[in-house]
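Enquirer: Residue numbers (our numbering), protein chains in the order written: chain A, 1 to 178; chain B, 1 to 351.
Derived by calculation from the structure, the hints in this document are not laboratory data. Just so it is clear, the structure is predicted and the values come from calculations on it, not from any experiment. The beta-carbon is built from N, C-alpha and C at its ideal position, and this holds for glycine as well. One thing to keep in mind: the hints can contain errors.
[Claimed, not checked] Simulated DEER-style distance windows between Cβ atoms:
#1 B/A127 to A/P76: 35 to 45 Å
#2 B/E244 to A/G12: 49 to 59 Å
#3 A/P157 to B/N208: 11 to 21 Å
#4 A/K159 to B/L210: 53 to 63 Å
#5 A/D56 to B/E339: 18 to 28 Å
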Amino acid sequence: MTNEIILAGFGGQGILFAGKALAYGGLIAEKEVSWLPSYGPEMRGGTCNCSVCISDEPIGSPLVNDPNLLIVMNTPSFEKFIGTAKKGAKVFVDSTMVDVTTDRKDIDCYYVPATQLATDNGLSGMANIILLGKLIKETGILDLETVEKAMSKCIPPKKANLLDANMKAVKIGMNYKD
Amino acid sequence: MERKLMKGNEALAEAAIRAGCKCFFGYPITPQTEISAYLAKNFAKAGGLFLQAESEIAAINMVLGASSTGTRVMTSSSSPGISLKSEGISYIAGSDLPAVIINVQRGGPGLGGIQPSQADYWQATKALGHGDFQLLVYAPASVQEMVDMVVKAFDKADEYRMPAMILADGFLGQMMEPIEFPEIKAEQVEKPWAANGHGGKRAHNIINSLYLKPEQLEKNVFERYERYEKIKATEADAEMYLTEDAEITLVAYGATARVVKSAVNMAREQGIKAGLVRPKTLWPFPVKQINEAAKSAEKFLVVEMSMGQMIDDVKLAINCSKPVEFMGRTGGMIMKPVEVLEEIKKIGGKK
């Protein structure tokens, strides 16, 4: 089984961080993983995305073209990637930031007002992690303990105090019902 | 040992430190800047010298100077920057000096783009500067190989007294994968030729690439080419994947080989006998391994992120005894596994 994941949004929303946390989680769960960022001019203020593969097999191309899991955090990314999602894909949308929906019936879309939830809970800037929590809940690809270990690997030592807030955000995402 | 998640560029930089590299001279350019950034942060603590030169040309000449003293030294750039370094690389080769040069390729020609490419194959393997000379050229296909090959490049460069290149691309530099750092014994290679000061105890060593007497220059070049023959016989390396019974054999290196391997797996699932030869050294080219695969192959398909450069070496390796087809994307585009599969079917992959 290979999970091919795309995370996309604006630079600054924590797209690359959320992708790294997922990849580290896969590594801790003893899977094969890869993480590939977009590194073009788009990451400087425009849209930004990264490809993450988590697999039982060695990973071929690290570039995901047709994701089976997709996190989108702004409208341009939604429009760019919604058509690429594989049949049966699960898509996690920050509905505070994305004001459109899809007609596709062959994919499962979860609309989570992640930015609003983050603000309401004093977790400004952690909408990415709320969506990550929802993804983990709906897919079961990682358990909570693994996510916590992965977070502690990804959060730089100087910001270690943010681990609790991040885990709170994960749980808000896991418990959100739309 | 614990597996760590690291970017290709950073893993390569860490491996260089562990391999006993003591000097780095470079100039930033996407998509390899993390190498400089990592060394700027960590090299001094490990007893190394990091210096951002005023240009690529200055950097490569600093490499020449440091190498002359017997110091393990590295520089790094991406395609346009490597072109700037080419004069200095020719001087390093002409002076029989070891050095490690990293090229994290991007699209060209000119300033081109910043997305991954493999269009510097000819430059790396045929003509990185003027004159009769070669570099050892290693082609990693994973972050782990970025680590392993840079260590090997330092050892082999010292052993053969010649520059060695890691020919990577933007994917390998930017992606993160789990890696392990092997136990590295920084080899203490004797360098009796080094110009490193001796207090008048021996005749002084001269590092030079200028020989105005043609007899002397020819003799030097002949001697170098004897070494190259030995290297061709012993250092060529390739991964052979499902080639034993393959009727269609694909040849690809670096990041492209990963895409091709996925396509080969898909072809096999459909009953098509496809295989992959993945050169790990581009110079010397794995001629023997290609010929091994040619025993069962009816056709070759070379896949590159360029308009077709390595394909020449595949044709030469088998003396054009089998049809050799080509598939490529360029300018920073990469093919999808299903597109490679379609090409395999198109050129006649039988079920």
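Enquirer: Compare the structure with each hint and give your call.
Expert: Checked hints:
1. With their beta carbons about 43 Å apart, B/A127 and A/P76 fall inside the hinted range of 35 to 45 Å.
2. Range check, B/E244 to A/G12: about 51 Å between beta-carbon atoms, so the 49 to 59 Å window is met.
3. The beta-carbon spacing between A/P157 and B/N208, approximately 50 Å, falls outside the hinted interval of 11 to 21 Å.
4. Taken as a hint, the range 53 to 63 Å holds for the pair A/K159 and B/L210, whose Cβ atoms sit roughly 56 Å apart.
5. Taken as a hint, the range 18 to 28 Å holds for the pair A/D56 and B/E339, whose Cβ atoms sit roughly 24 Å apart.
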